[in-house]
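K.L.:
Please build the complex by placing chain X on the supplied structure of chain H, with the hints as guidance.
Protein chains: 2
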Amino acid sequence: MQALQDLFPIFVPTLTDTMQTTNSHNETLYPHVSVDCVLLGIHDDLFCVLLTERRNAGTGQTEYKLPGSLIYETEDLDDAAYRILNETTGLKRVLLRQFRSFGSPHRTANKEDVLWLENASKMKIGRIVTVAYLALCKVRRMKISEKYSPAQWTPIDALPRLPFDHEEIIREAVKEIRLWTQIEPSIVFDYLPPLFTAAQLRHTYEIIYDKPIDVRNFHKKINAMEYVVQTEELQQGMPHRSARYYRFDKKKYNNMRAKLNTI
Amino acid sequence: MQALQDLFPIFVPTLTDTMQTTNSHNETLYPHVSVDCVLLGIHDDLFCVLLTERRNAGTGQTEYKLPGSLIYETEDLDDAAYRILNETTGLKRVLLRQFRSFGSPHRTANKEDVLWLENASKMKIGRIVTVAYLALCKVRRMKISEKYSPAQWTPIDALPRLPFDHEEIIREAVKEIRLWTQIEPSIVFDYLPPLFTAAQLRHTYEIIYDKPIDVRNFHKKINAMEYVVQTEELQQGMPHRSARYYRFDKKKYNNMRAKLNTI
Chain H
0 MQALQDLFPI FVPTLTDTMQ TTNSHNETLY PHVSVDCVLL GIHDDLFCVL LTERRNAGTG
60 QTEYKLPGSL IYETEDLDDA AYRILNETTG LKRVLLRQFR SFGSPHRTAN KEDVLWLENA
120 SKMKIGRIVT VAYLALCKVR RMKISEKYSP AQWTPIDALP RLPFDHEEII REAVKEIRLW
180 TQIEPSIVFD YLPPLFTAAQ LRHTYEIIYD KPIDVRNFHK KINAMEYVVQ TEELQQGMPH
240 RSARYYRFDK KKYNNMRAKL NTI
Chain X
0 MQALQDLFPI FVPTLTDTMQ TTNSHNETLY PHVSVDCVLL GIHDDLFCVL LTERRNAGTG
60 QTEYKLPGSL IYETEDLDDA AYRILNETTG LKRVLLRQFR SFGSPHRTAN KEDVLWLENA
120 SKMKIGRIVT VAYLALCKVR RMKISEKYSP AQWTPIDALP RLPFDHEEII REAVKEIRLW
180 TQIEPSIVFD YLPPLFTAAQ LRHTYEIIYD KPIDVRNFHK KINAMEYVVQ TEELQQGMPH
240 RSARYYRFDK KKYNNMRAKL NTI
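Chains H and X, in that order, give the protein sequences. Those letters in the first sequence? Residues 0 to 262, per numbering that gives the first Met the number 0, in order. Those letters in the second sequence? Residues 0 to 262, per numbering that gives the first Met the number 0, in order.
Treat the hints as calculated values from the structure; they're not laboratory data. Do not rely on the hints blindly, as some may be mistaken.
Same chains, same label: a pair holds when it works inside one copy or across any pair of copies.
[Unchecked claim] Here are the simulated EDC-like cross-link-like pairs (lysine to aspartate or glutamate), alpha carbons at most 20 Å apart as the crow flies:
1. K110 <-> E72
2. K123 <-> E72
3. K258 <-> E205
4. K258 <-> E183
5. K110 <-> E52
6. K258 <-> D213
Just chain H, with the same shape it has in the complex (with noise of 0.2 Å):
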């Protein structure tokens, strides 16, 4: 007899495992609500993302999205989104800041990523809107761990094909971190090591805005911001002129931070 799972094959990653596991609590899927996660960090001087893999069950290639799963019926959304990344990547200490919901109805337009969806969830899909949740990552200092769905540092700007809306809610989460940028340039200073030179600062800029920054307008502005301070130090060990090394005060910064909200 043909395995039935021959005939109407269910595909099983990583995220359906723990889905399993955690059903063992007799908890029950919410089908019309998801959380996805959008991990952003710098990774070999690129701006990227982080993707898990699920396998086609069609065609058997292996394909991305991001962390992300339908919620229980009887769990909160913030709980939804830390069990979430924690049972597809294993990370635990990451600041997930709900960022947007995602409520288009063609966002299950494509049948073949409900299809995988049904298949996972056990559940009839109808439209589904998901709670995106946004974290800003320091990407070397997260491990992980080889027990976990296979999860890539993805280019923001090599994006492979992405199922539902995945590409929107990245995009967008792009836009909202340099918004957050403007609004608290210390985020950057998170990136750089604490003596930098004006050249790393410049590049660490390029990658989050993705465009290129004139050189010399570039020293203009670093010059205006009192809280990035040079240093005595010289880049050591360069072919050329040695650089030298800035530093973030984060004192000063503070101040005028205050200067401008002063209650």
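P.N.:
Quick look at chain X alone, frame taken from chain H:
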């Protein structure tokens, strides 16, 4: 024969009327996701939220709620927010910003709330995730026509009993607005006339932050705000000492902002 309505009273607030109007387009409701609109503004020197009325079928009493409703099956979230605000208040030119989704499974713990929504929507209601939208309003400019559901600007520190988690949504919206005023202090000056006294500015902050602000310290703070500029004008017709008028210098403000974010 007893009317069906007497056995199972369907009370039809304005919200349902408008739903039915739009239902003539053969749209059906999606009973899993709703949108709620939080309009905040200063009214009669109090920080207020716009609430609409509904009539309790059981007690016949008037109750209050945020303008909100279930979304339609084929409707995007932003479209739903603008439609619902317009249908319940007639308001059109309000810039609504999605600020957070609320999805606690306890949102629908109160059976009375669920019964009301089931009557209004004529659907079986389980758990609902709501996507909350926020707008900061100039109350004086917002005329709400009498043909809509009565709407009240209600002081946020004197809220009536509200259905679902509307009280929590309002509390979170107020926190969000306070955050906005920290990030972008210019928002506060939208509440003031072009010429204002130090007392008026202080009072506006007291209303938004809901705490008394020390007069002497506040004067020091105004001096530190380079974008709050003293004018030559004096307040007229005051019984005692006339207060000096200040103005908000948008150019200076933008320059300070640019100094913080130079990229």
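K.L.:
The structure should be examined with respect to each hint, and the outcome stated for every one.
P.N.:
The hints, checked one at a time:
| no. | hint | verdict |
| --- | --- | --- |
| 1 | K110 <-> E72 | between (24 Å within a copy, 18 Å between copies) |
| 2 | K123 <-> E72 | both (15 Å within a copy, 16 Å between copies) |
| 3 | K258 <-> E205 | between (28 Å within a copy, 19 Å between copies) |
| 4 | K258 <-> E183 | both (14 Å within a copy, 12 Å between copies) |
| 5 | K110 <-> E52 | within (19 Å within a copy, 42 Å between copies) |
| 6 | K258 <-> D213 | between (29 Å within a copy, 18 Å between copies) |
The structure fails none of the hints (numbered hints given earlier).
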